[in-house]
Amino acid sequence: DVKVTQSSRYLVKRTGEKVFLECVQDMDHENMFWYRQDPGLGLRLIYFSYDVKMKEKGDIPEGYSVSREKKERFSLILESASTNQTSMYLCASSLGTGVLNEQFFGPGTRLTVL
Amino acid sequence: GNSVTQMEGPVTLSEEAFLTINCTYTATGYPSLFWYVQYPGEGLQLLLKATKADDKGSNKGFEATYRKETTSFHLEKGSVQVSDSAVYFCALILYNQGGKLIFGQGTELSVKP
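Chains as they are written, first to last, in our numbering: chain X, 2 to 115; chain Y, 45 to 157.
Excised from the complex, chain X in its bound form (with noise of 0.2 Å):
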């Protein structure tokens, strides 16, 4: 089964902080989403990355940057955190950028910034 494994479920930050979210997928796939989940919003598109060092912004991607080094690992960080970052933080992955790749999530990390 694929596995898509996210560092924290839980997370509480100040404004201003430096903040690290760590996406980890165990199926070697091309392909890592990030996305915010918000309530009566569904979710939108941050960032996402086809390849090692690549990546491509997403919908909302303003406040946020991303890193993937090594192809298992997608990382989401938010420069100087804000209040209105507070959110649901999902990631997914899959096997390629055809419609028919089933994108797989990991559990989110729910992100208060105080």
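The hints are simulated quantities; they were obtained by calculation from the structure and are not laboratory data.
Hints should not be assumed to be uniformly reliable.
[Unchecked claim] Covered stretches of chain X, as calculated for chain Y (at least 3 residues, CB under 8 Å):
| id | region |
| --- | --- |
| 1 | 41–53 |
| 2 | 70–76 |
[Stated by the list, open to error] 25 Å max Cα-Cα, derived BS3-like pairs, lysine-lysine:
| id | chain 1 | residue 1 | chain 2 | residue 2 |
| --- | --- | --- | --- | --- |
| 3 | Y | Lys121 | X | Lys56 |
| 4 | Y | Lys121 | Y | Lys156 |
| 5 | Y | Lys144 | X | Lys54 |
| 6 | X | Lys72 | Y | Lys156 |
| 7 | X | Lys58 | Y | Lys144 |
| 8 | Y | Lys144 | X | Lys71 |
| 9 | X | Lys4 | Y | Lys144 |
| 10 | Y | Lys121 | Y | Lys100 |
| 11 | X | Lys4 | Y | Lys104 |
Virtual Cβ for every residue (Gly too), placed ideally from N, Cα, C.
Knowing the structure of chain X, use the given hints to seat chain Y on it.
Below, chain Y without anything else, positioned relative to chain X:
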């Protein structure tokens, strides 16, 4: 632009009731359509999918039919169980979008015994 609209929740049903969650979409191309489910405390799981008009996706007693003429992909189940309580997301993907999913806002379902 491309978007997905779902009926608002929460939806509360009694066990064995019939379920419909409406989903409509707007797309510039010819999308594939998905339903994902998120059980409490977990990530999203793919529930079912359909890739062309009139396709019916089905899984775990849930069904949805890709209706191009009404741009809809409504989720149905004939008899819900308490274990179906979850948040359901409708989503689309387009060939020229590089594998990016576009999600609806989610519909919370609560099934009471």
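Hint check results:
Here the region 41–53 of chain X counts 8 residues with a CB under 8 Å from a CB of chain Y, which clears the bar of 3, and the coverage holds. Counting residues of the region 70–76 of chain X whose CB falls under 8 Å from any CB of chain Y gives 0; the rule of at least 3 is not met. Taken as a hint, the Lys121/Y and Lys56/X pair is broken in the structure, with Cα atoms around 39 Å apart against an allowance of 25 Å. Between the alpha carbons of Lys121/Y and Lys156/Y the distance comes to roughly 15 Å, so the proposed pair stays at or under 25 Å and holds.
For the proposed pair Lys144/Y and Lys54/X, the alpha carbon gap of about 19 Å is at most 25 Å, so the pair holds. As the CA atoms of Lys72/X and Lys156/Y are separated by approximately 44 Å, the hinted pair breaks the 25 Å bound. In summary, the hint linking Lys58/X to Lys144/Y is supported, as the alpha carbons are separated by about 11 Å, within the 25 Å threshold. Straight-line distance between C-alpha atoms of Lys144/Y and Lys71/X comes to about 21 Å, which keeps the hinted pair within the 25 Å bound.
Between the alpha carbons of Lys4/X and Lys144/Y the distance comes to roughly 20 Å, so the proposed pair stays at or under 25 Å and holds. Distance hint between Lys121/Y and Lys100/Y is fulfilled; the C-alpha atoms sit about 13 Å from each other, no more than 25 Å. About 21 Å separates the Cα atoms of Lys4/X and Lys104/Y, which keeps this hinted pair within 25 Å; it holds.
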